[in-house]
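A.B. asks: Construct all of the structure, not just a fragment, from the sequences and the given hints.
Order-wise, the sequence lines are chains A and B. Taking our numbering, I'd label the letters of the first sequence as residues 4 to 306. Taking our numbering, I'd label the letters of the second sequence as residues 91 to 400.
Hints were generated in silico from the structure; no laboratory data involved. There could be a bad hint or two in this list.
Here are the simulated lysine to aspartate or glutamate pairs, EDC-like style, with alpha carbons at most 20 angstroms apart [said to hold, decoys possible]: (1) K235/B / D57/A; (2) K235/B / D258/B; (3) K144/B / E291/B; (4) K151/B / E295/B; (5) K160/A / D300/B; (6) K235/B / E269/A; (7) K68/A / D80/A; (8) K148/B / E291/B; (9) K151/B / D366/B; (10) K144/B / D154/B; (11) K235/B / E55/A; (12) K160/A / E363/B; (13) K148/B / D300/B; (14) K144/B / E292/B; (15) K235/B / E251/B.
Here are some, though not all, of the chain A residues that point toward chain B, as calculated from beta-carbon distances under 7 angstroms [said to hold, decoys possible]: (16) L47; (17) L49; (18) L146; (19) I149; (20) L299.
Derived coverage of chain A by chain B (criterion: at least 3 residues anywhere in the stretch with Cβ under 8 angstroms from a Cβ of chain B; other residues may be distant) [to be verified]: (21) 170–182; (22) 271–282.
Built from N, CA and C at the ideal position, the CB exists for glycine as well.
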Amino acid sequence: MNTSLSRDGIGAAVADGRHARRMILPMLGGVIVAIYILAPFCWLLLTSFMHEQDALSVPPQWIPKNPTISNYMTFFDPAGTRAIVGSRAAEQTLPGMVNSLIAATGTAVLNLLLGTLAGYSLARFRFRGRGSLLGLYLGSRMLPGIALIVPLYLTIKNFGLLDHLSALIVTYVSFTLPFTIWLLKNYFQTIPRSLEEAAYMDGCSWLQMMWRVLLPAAFPGLIAAGMFAFMTAWNDYLFAVILTSTTAAKTLPVVVAGFATDVTTERTLMATSGVLAIIPPLVLAFLFQRLIVQGLTSGAVKD
Amino acid sequence: MRLVAIRRIGTTQASGIGYDRPLFAYFLNAPSLIAIFLLAGYPILYSAWISLHKYNLKRPKIFDFVGLGNYAYLLESPEFWSSLWITVQFTVLVVTVVIVLGVCVALLLHRPFRGRAILRTLILLPWAIPPVVNGLMWQWIYDSKIGALNGLLVSLGVISEYRGWLSDPTSALLALAFADVWNVLPLAVILLLAALQKIPEELYEAARVDGAGAFQTFWFVTFPWLAQTLLVVLILQTLSAIRAFDVIYVLTAGGPGTATTTLVWKTYLTTFENLDFGLGNAYAYAVSLITFGFALVYFRVLYRRGDFET
Chain A
4 MNTSLSRDGI GAAVADGRHA RRMILPMLGG VIVAIYILAP FCWLLLTSFM
54 HEQDALSVPP QWIPKNPTIS NYMTFFDPAG TRAIVGSRAA EQTLPGMVNS
104 LIAATGTAVL NLLLGTLAGY SLARFRFRGR GSLLGLYLGS RMLPGIALIV
154 PLYLTIKNFG LLDHLSALIV TYVSFTLPFT IWLLKNYFQT IPRSLEEAAY
204 MDGCSWLQMM WRVLLPAAFP GLIAAGMFAF MTAWNDYLFA VILTSTTAAK
254 TLPVVVAGFA TDVTTERTLM ATSGVLAIIP PLVLAFLFQR LIVQGLTSGA
304 VKD
Chain B
91 MRLVAIRRIG TTQASGIGYD RPLFAYFLNA PSLIAIFLLA GYPILYSAWI
141 SLHKYNLKRP KIFDFVGLGN YAYLLESPEF WSSLWITVQF TVLVVTVVIV
191 LGVCVALLLH RPFRGRAILR TLILLPWAIP PVVNGLMWQW IYDSKIGALN
241 GLLVSLGVIS EYRGWLSDPT SALLALAFAD VWNVLPLAVI LLLAALQKIP
291 EELYEAARVD GAGAFQTFWF VTFPWLAQTL LVVLILQTLS AIRAFDVIYV
341 LTAGGPGTAT TTLVWKTYLT TFENLDFGLG NAYAYAVSLI TFGFALVYFR
391 VLYRRGDFET
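C.D. replies: Structure representation (C-alpha cells):
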C-alpha cells in the first residue's frame with residue numbers, strides 16, 4: 004500500500020475509503036457477536052422484571068410495558084403475598100445461594116491450598132515418578148462425572164455424609180484439583196528461581212518464602228485457578244442433585260432446576276432465580292477478566 | 091537436557107538450596123493424591139466392580155457376579171448403539187460449530203475496532219451462566235406457545251405459525267446443540283485469543299510485503315501458530331460435549347422419544363430411573379472408555395509435538 008507516496012486528493016480519498024471499510028467490517032461483526040451473546044441473556048433478564056401475564060403474552064413483549072421488581076422482592080420475603088405459587092422453590096433460593104457460595108468458595112480455597120503444594124513440587128523438584136504423577140493427575144481429569152457418581156454416592160452414603168456440604172466440597176476438590184495443579188505448576192515455572200534463592204539468603208524458611216515471595220508473584224495464576232475451581236463448583240448440577248436433598252446442602256442450580264420441573268411455578272420467578280444464580284460468577288468473571296486471561300496464557304497456552 | 095538438570099542441581103546445592111529433595115516432593119503431593127484417589131481413583135475401581143454384577147436397587151439383596159454379562163448385554167442392545175450414535179451427532183455438531191465460530195470471533199476480537207474492549211468482556215457472559223440456567227433460558231426461547239424464537243421468526247415473516255422446536259426429533263437435537271454452543275463458546279474464544287496474541291506482528295508485515303491475501307495470510311501465518319491451541323480446544327470441547335448432562339436434563343430430558351438420549355443421559359436413566367446400578371455402571375464405563383480413548387490420542391499428539399512435558 005503506497006498511499007503515503009501518492010498524497011494527491013484521489014489517493015487520500017481512496018485511502019480514507021479503505022480505512023473506513025476496514026473499520027466497518029469488524030464493527031459490523033462486533034455488533035453481530037454482541038447481539039448473539041446478549042439477546043438470549045436479555046430475554047431472561049427482561050422476563051425477570053415482568054408481571055406474569057406480560058411474560059405469557061403472544062406475541063412476546065420485548066420490552067416490559069409495566070416493569071416490576073416484585074419478582075425479586077418475593078425471594079426476600081417468601082412468606083409474603085405472592086408466595087402462594089412456587090413458594091417452596093422461592094423459599095429455597097436464598098439458602099441455596101448461601102450453600103452455593105460456601106461450596107464454591109470452600110472448593111476454591113482448598114484447591115489453592117492443595118494445588119499450591121503439589122504444583123510447587125512439580126514445578127521445582129526433580130524426583131522419581133514426577134512424569135507419571137503428572138500423567139495421573141491429568142488422566143483423572145478425563146473421567147466423566149457420570150462415571151463417578153454411582154460409586155461416589157454409595158461411598159458418601161456409607162460415611163453418612165449425604166446432604167452435607169462437606170461431602171460436596173470434597174467431591175468438587177477432587178474433580179477440579181488436577182486442572183489447578185497443572186495451571187499452578189506452569190505458572191510457578193515462569194517465576195525465576197533467583198527470587199526464592201534471595202528469600203533463603205535472607206534467612207526465610209520454606210513456608211515464609213512461599214508466603215512472602217512466591218505466592219504474591221504467582222497472583223494471576225492463583226486467581227485463574229481459583230476462579231476455575233469456583234466456577235466448576237458453582238455450575239455443577241449433577242453431583243449436587245444426587246448428593247443433596249434438603250436446604251441443608253442444596254445448591255442453587257438444584258433449586259433452579261426444581262423450578263424448571265415444577266409446572267405450577269411462575270415463569271417470571273424462574274427467570275429471577277436464574278438471574279440471581281448468574282450474578283456471583285458474573286461479578287467475579289468481569290472483575291478478574293484480565294487476571295484470568297493472564298493466568299491462562301501461561302498455564303493452558305504454551306509458546 | 092539431563093546435563094542442564096544436573097548442573098542446575100549442582101549449583102543450587104552449592105548455594106545451599108536443594109531442589110533434589112524427593113521425600114519433600116512426595117510429602118507435598120500426598121494431600122492431593124489422597125483427595126484424588128479417594129474421590130476419583132477409588133470410585134472408578136468400585137464402578138468397574140459393580141459393572142461386573144447384577145445389582146438393581148429395586149432388589150438390593152441381589153448382588154450376583156455376572157462377569158462381562160452387562161457389557162455383552164450392552165453391545166447387543168439397540169438402545170446402546172442408538173445413544174452412541176446420538177452422542178456422536180451431538181458432539182460433532184457442537185465441536186464443529188464451536189471451532190468455526192470460536193476462530194471467527196477470536197480473529198475478530200484480535201483486530202482493532204471501536205468497542206473491542208467491551209466485547210472482550212462481554213464474551214465472558216455465557217461462561218458465567220450455569221448450564222442449568224442456560225437450559226432454562228433456552229427452554230423459554232424455544233417454547234412452542236410463547237417462545238421468543240417463534241415470536242421473532244413470525245414477526246420477521248420467516249415462518250407463518252408457531253412451532254414446537256423441541257418436539258420434532260431433528261430440530262430438538264439442533265436446538266440442544268445450539269444452546270450448548272452458546273454456553274461453551276467463550277472458553278474457546280479466550281484460549282484462541284490468547285494464542286493469537288502470541289503471533290509476532292512481523293510475520294503479518296512480511297505477508298503483507300509479499301502481497302498475500304487475507305486467506306493466504308490466515309493459512310500460512312495464523313493457522314500454524316494456532317494449530318496447537320486449536321487441538322487443545324478441540325479435545326476440551328469434545329470431552330465436554332460427550333459429558334453434557336445438565337443442559338439435556340433441563341432442556342429436552344432426552345426427548346422427544348429418544349431423539350436427544352446421549353450415552354450420558356442413558357447412563358443417568360438406567361442408573362437413577364431404573365435403579366439398575368449394574369448395567370448403569372457398564373454404561374458409565376463405556377463413556378469413560380470413549381473419553382479415555384480421546385485423552386490418549388490427545389496426549390500422544392501433544393507429546394509428539396513436545397508440548398506435554400515442560
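A.B. asks: Taking the hints in turn, state whether each one holds.
C.D. replies: We went through each hint and held it up to the structure:
{"no.": "1", "hint": "K235/B / D57/A", "in the structure": "holds, 14 angstroms"}
{"no.": "2", "hint": "K235/B / D258/B", "in the structure": "holds, 15 angstroms"}
{"no.": "3", "hint": "K144/B / E291/B", "in the structure": "violated, 62 angstroms"}
{"no.": "4", "hint": "K151/B / E295/B", "in the structure": "violated, 73 angstroms"}
{"no.": "5", "hint": "K160/A / D300/B", "in the structure": "violated, 68 angstroms"}
{"no.": "6", "hint": "K235/B / E269/A", "in the structure": "holds, 15 angstroms"}
{"no.": "7", "hint": "K68/A / D80/A", "in the structure": "violated, 25 angstroms"}
{"no.": "8", "hint": "K148/B / E291/B", "in the structure": "violated, 65 angstroms"}
{"no.": "9", "hint": "K151/B / D366/B", "in the structure": "holds, 13 angstroms"}
{"no.": "10", "hint": "K144/B / D154/B", "in the structure": "holds, 5 angstroms"}
{"no.": "11", "hint": "K235/B / E55/A", "in the structure": "holds, 15 angstroms"}
{"no.": "12", "hint": "K160/A / E363/B", "in the structure": "holds, 19 angstroms"}
{"no.": "13", "hint": "K148/B / D300/B", "in the structure": "violated, 72 angstroms"}
{"no.": "14", "hint": "K144/B / E292/B", "in the structure": "violated, 65 angstroms"}
{"no.": "15", "hint": "K235/B / E251/B", "in the structure": "holds, 10 angstroms"}
{"no.": "16", "hint": "L47", "in the structure": "holds, 5 angstroms"}
{"no.": "17", "hint": "L49", "in the structure": "violated, 10 angstroms"}
{"no.": "18", "hint": "L146", "in the structure": "holds, 6 angstroms"}
{"no.": "19", "hint": "I149", "in the structure": "holds, 5 angstroms"}
{"no.": "20", "hint": "L299", "in the structure": "holds, 6 angstroms"}
{"no.": "21", "hint": "170–182", "in the structure": "holds (count 7)"}
{"no.": "22", "hint": "271–282", "in the structure": "holds (count 5)"}
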